[in-house]
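S.K.: Listed below are the residues making up each chain.
2 protein chains.
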Amino acid sequence: MSQKPSPRLQLRIFLGSSVAIGPGKAELLAAVAETGSISAAGRSMGMSYKKAWYLLDTMNRCFQTPLVEASRGGKGFGGARVTPMGAEVLARYRSIQTRAAIAFADDLEALNALVADEPPEAD
Amino acid sequence: MSQKPSPRLQLRIFLGSSVAIGPGKAELLAAVAETGSISAAGRSMGMSYKKAWYLLDTMNRCFQTPLVEASRGGKGFGGARVTPMGAEVLARYRSIQTRAAIAFADDLEALNALVADEPPEAD
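Residue numbers (the numbering used here), protein chains in the order written: chain A, 258 to 380; chain B, 258 to 380.
Read the hints as simulated data drawn from the structure, not as lab findings. Some hints here could point you the wrong way.
Label pairs and their calculated CB-CB ranges [to be verified]:
# : chain 1 : residue 1 : chain 2 : residue 2 : range
1 : A       : Gly293    : B       : Arg300    : 45 to 51 Å
2 : B       : Arg300    : A       : Gly303    : 34 to 40 Å
3 : B       : Gln267    : A       : Ser263    : 19 to 25 Å
Only pairs whose alpha carbons sit at most 30 Å apart, straight line, appear in this in silico DSSO-like list of lysine-lysine [said to hold, decoys possible]:
# : chain 1 : residue 1 : chain 2 : residue 2
4 : B       : Lys308    : A       : Lys308
5 : B       : Lys261    : A       : Lys261
6 : A       : Lys307    : B       : Lys307
Beta carbons are placed, not taken as given, at the ideal position from N, Cα and C, and that holds for glycine.
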């Protein structure tokens, strides 16, 4: 019998002339929302602070208002929060992702059925 | 006025435990079908023969039967053709891509509307 993992669909969205949102940036935005910290968010994805900051800064510059900004108050440094704009972008990306997974489930299963079993069997 | 390019959606499909089909492999399969040659197909995408061969070989191994095979007859070497299995995989990928672009057009436009105009204007 086949023990294939379930098929998965990844979406990457290109906006304007320079914005790309895919699984990585969406996960990073969600991680900032969860951790309240760019460094903690990056760490949760095995990503350096520099890399996480760069990705978020790139997104911030491309939208009309920033998606992530330094949080005020508290310890006074290091904190970050996802803005309403960031929450909207993330929610829209995830909504598309969820609906696509449902809409194309049959297509993905049909493609998965064409994949060879692993490990190879002599059936 | 905004002169933003139209938003685009890219799909990458993960099958079994090791197969990924995305825009690049789909384009490569289509190019082999058009050119009848792995080297010409790779060249049309700015890709070396070695890289094109490797990508196709990886796909061939993961499906139940190959997607691309050496074509027989003719000059006797160098030719390649997309098999019925390859045509089916390509057609299914493109069908998902086309339907997703239609299904999510409004969502993509809504996201695109959040992107800053370029070049920046003082309106």
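S.K.: Is the hinted pair Lys308(B) and Lys308(A) satisfied, with a Cα-Cα distance of at most 30 Å?
M.R.: holds, 28 Å
S.K.: Mind checking the hinted window 19 to 25 Å against the Cβ distance between Gln267(B) and Ser263(A)?
M.R.: With Cβ atoms ~21 Å apart, the hint holds.
S.K.: Has the given pair, Lys261(B) with Lys261(A), been kept, meaning a C-alpha gap of at most 30 Å?
M.R.: violated, 42 Å
S.K.: May I ask you to test the hint 34 to 40 Å on the CB atoms belonging to Arg300(B) and Gly303(A)?
M.R.: holds, 36 Å
S.K.: When you check the alpha-carbon spacing of Lys307(A) and Lys307(B), does it fall within 30 Å?
M.R.: violated, 34 Å
S.K.: Quick check: does the Cβ-Cβ distance between Gly293(A) and Arg300(B) fall within 45 to 51 Å?
M.R.: holds, 50 Å
Hint check: violations occur at hints 5 and 6; the rest are consistent with the structure.
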